[in-house]
Amino acid sequence: MKGKRIFLRFEGVGSCAEVYINGHLAGTHKGTYSAFVCEIGSQVKFGEENEIVVKADNTAPRCNPH
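So the sequence shown is numbered by the working numbering: it starts at 1 and just counts up by one.
Hints were generated in silico from the structure; no laboratory data involved. Virtual Cβ for every residue (Gly too), placed ideally from N, Cα, C. One thing to keep in mind: the hints can contain errors.
Said to hold, decoys possible - Beta-carbon label-pair distances, calculated as ranges:
(1) Ile52 - Lys30: 13 to 23 Å
(2) Asn58 - Gly3: 34 to 44 Å
(3) Glu51 - Lys4: 15 to 25 Å
(4) Asp57 - Lys2: 27 to 37 Å
(5) Thr28 - Arg5: 16 to 26 Å
(6) Glu48 - Phe7: 11 to 21 Å
(7) Thr28 - Lys4: 20 to 30 Å
(8) Thr59 - Gly3: 36 to 46 Å
(9) Asn58 - Lys2: 30 to 40 Å
(10) Phe10 - Lys45: 18 to 28 Å
Let the sequences and hints guide you as you build the complete structure.
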């Protein structure tokens with residue numbers, strides 16, 4: 001997989017999400033409940049254990065993209 005583009009696909013998050021790979025912010029999602037993807041290839045440590053953290057906040061007023 002090294003050298004290839006690697007993505008995480010999420011089926012949906014209600015309002016906001018932050019995706020971290022090994023402590024680095026890999027991507028965010030803001031909006032309505034919908035699918036989204038994050039490219040993570042540059043944060044992945046090949047041949048090692050990796051930590052994926054997803055923080056979701058479904059509080060609508062705090063995540064309004066406008």
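Verification of the hints:
The hint said 13 to 23 Å for the Cβ distance between Ile52 and Lys30, and at roughly 19 Å that hint holds. Against the hinted window of 34 to 44 Å, the Cβ-Cβ separation of Asn58 and Gly3 comes to about 36 Å, which satisfies the hint. Separated by about 20 Å at the C-beta atoms, Glu51 and Lys4 satisfy the suggested range of 15 to 25 Å. Range check, Asp57 to Lys2: Cβ separation about 33 Å, and the 27 to 37 Å hint holds.
A hinted range of 16 to 26 Å for the beta carbons of Thr28 and Arg5 is consistent with their spacing of about 19 Å. Between Glu48 and Phe7 the C-beta distance comes to about 19 Å, which sits within the given range of 11 to 21 Å. Distance hint for Thr28 and Lys4: a CB-CB separation of about 23 Å, consistent with the stated range 20 to 30 Å. Distance hint for Thr59 and Gly3: a CB-CB separation of about 39 Å, consistent with the stated range 36 to 46 Å.
In this structure the supplied range 30 to 40 Å holds for Asn58 paired with Lys2, their Cβ-Cβ distance being about 36 Å. Between Phe10 and Lys45 the beta carbons are some 21 Å apart, a value that agrees with the proposed interval 18 to 28 Å.
Violated hints are absent here; each numbered hint is respected by the structure.
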